[in-house]
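For the protein sequence lines, the chains are D and A, in the order given.
With the UniProt record's numbering applied, the first sequence covers 1 to 138.
With the UniProt record's numbering applied, the second sequence covers 1 to 464.
Note that these hints are calculated values from the structure, not bench results.
Where hints are given, some of them may not hold.
[Said to hold, decoys possible] Think about it this way: if two alpha-carbon atoms lie no more than 25 Å apart in a straight line, the pair counts; the simulated DMTMM-like pairs of lysine to aspartate or glutamate are: (1) D:K136 x A:D452; (2) D:K136 x A:D369; (3) A:K291 x A:D452; (4) D:K136 x A:E333.
Spelled out from the first residue to the last, the chains are:
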Amino acid sequence: MTKRTLYTGLVLLALAMLSDAMWMGAAHAAEAGAEGGHDFISQFSIFVLAVFVGYYVVWSVTPALHTPLMSVTNAISSVIVVGALLAVAVEAADAVGSSGHVIAKVLGLIALVLASVNIFGGFLVTQRMLAMYRRKDR
Amino acid sequence: MSGEFVPLLYLVSGVLFILALRGLSSPETSRQGNYMGMAGMAIAVVTTLAVARPETGLSWAMIVGGIAVGGGIGAVIARRIPMTAMPELVAAFHSLVGMAAVLVAAAAFYAPEAFGIGAPGVIRVASLVEMSLGAAIGAITFTGSVIAFAKLSGRMSGAPIMLPARHIINIALAIGLVTCVVLFCQEQTPVYFWAIVALSLLLGVLIIIPIGGATMPVVISMLNSYSGWAAAGIGFTLGNTALIVTGALVGSSGAILSYIMCKGMNRSFISVILGGFGGETAGPAAGGEQKPVKLGSAEDAAFLMKNASRVIIVPGYGMAVAQAQHALREMAEGLKEAGVEVKYAIHPVAGRMPGHMNVLLAEANVPYDEVFELEDINSEFPQTDVVYIIGANDVVNPAAEDDPSSPIYGMPVLQVWKAGTVLFNKRSLATGYAGIDNPVFYRDNTMMVLGDAKKMTEEIAKSL
């Protein structure tokens, strides 16, 4: 029962993301959107659907693996590193050239280091834990 | 790279993250799932670098250096950390996600063009709201996790710290926070941004300090959830699908774990957040008259278990503190050689984080198909000859079932008292975290084996 719901959710999410991808593609073509912003509604739909997918996926996680679940969710939430990368890539000498860019770059670098600790630490410690779970062999 | 492919690549990365969690439904698929998670992360990073390609050598050096330094530290920690220290490690990692969210939000505020959300001073209001939410939740996650880390690692007392009028202070802080967000959206000045961060940092401390050590499984799961919502907030600012999906996944994952933990303690989420549980003054039953208990030695325990046909082991936080998991496995091996059937019973809130006991037993090479959850094993106690309780107390307290005046009344417990004999290993006859007496101590079929969990278990193993 939950499996079916999960797949339905996954399909819906994929559809929503695809439509968003197309929309964004169209927006890119149409000169990156008039305001230079992002379409909130389509993003919010993705968010809501992802919450549901998360709900079903996490309920299907066996309680024995709840600690690895926490460490791996920790690692993947460090995908926030993409924001850090954008900030570090800001060139201080860019058009406006305000001191804001230097600040952004420095903050981005710190965020990059913190997120990297988390990505490597999170995935590797999860791997180490999962390697310990074994069946009765005899 | 063409613009149309970028959202698709982030989508792939988001789906890989979903599959990484999906893999955790069984230990066999979990390792593969972890690799999918890594692949998703790699795709997200490479895509971002390809889109916002840094132009100068300095930027490249900072990126490569930042990843190398951070990654190196992370890898070393992951390799060296003892399994018993997992709860504090997870708390520490949560704090890093929280801080990273604050910093990225700040960077987006100082260089909005790079994030495609406008120019300095004329940032879109929607983006400002998303940014302040990401920063506020991130800051709460940061200080909250730091306090949780300090409590879990023993750098700070696990006892709840109750400020007078703390609810009023919290409400005032929350109102101040909302005011600052509104002002920030109107004025767009750095002062309000940092005011939001400062208030949230303070709020994070105040939310966690009144929560006692034993309620930590809930706190850790809750902070896990917060770190997800913070990531999602930043994801909206960046318009990044991978980040939004991940934030939602992690947020709901943490929320579900909090729910499971609260149910395991029969406490409402609200009452845990309001705090004050754990380390409270001892209940009325504790102290007072000394009821007689039966004390036993390691030899007695070994004799009883060797002559049993079915033994269930109930581990608790005390086993983690004493690092007794390896000794325990050796004892179980000895029993199995003597032809005894051995199983392990895990209560959902045993230990300091969800699944804590399972990881420790796995570390000691206990096969996971010998380890059972409460619902699956509770019916087996009446057919069990001997139960060996090591470092657990409140999770085997019958008062939760038959004493409506008990503070833990209604909490699901392992019905160990239904077994033939109960061997209760504890350091002393003191009460558990809930500060209540355990009637199991005084039952006719209970034998207390007092002493350090590790030493006692080793002695029993030797006498088998």
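Kindly indicate which numbered hints from before are broken by the structure, ordering the numbers from low to high.
1
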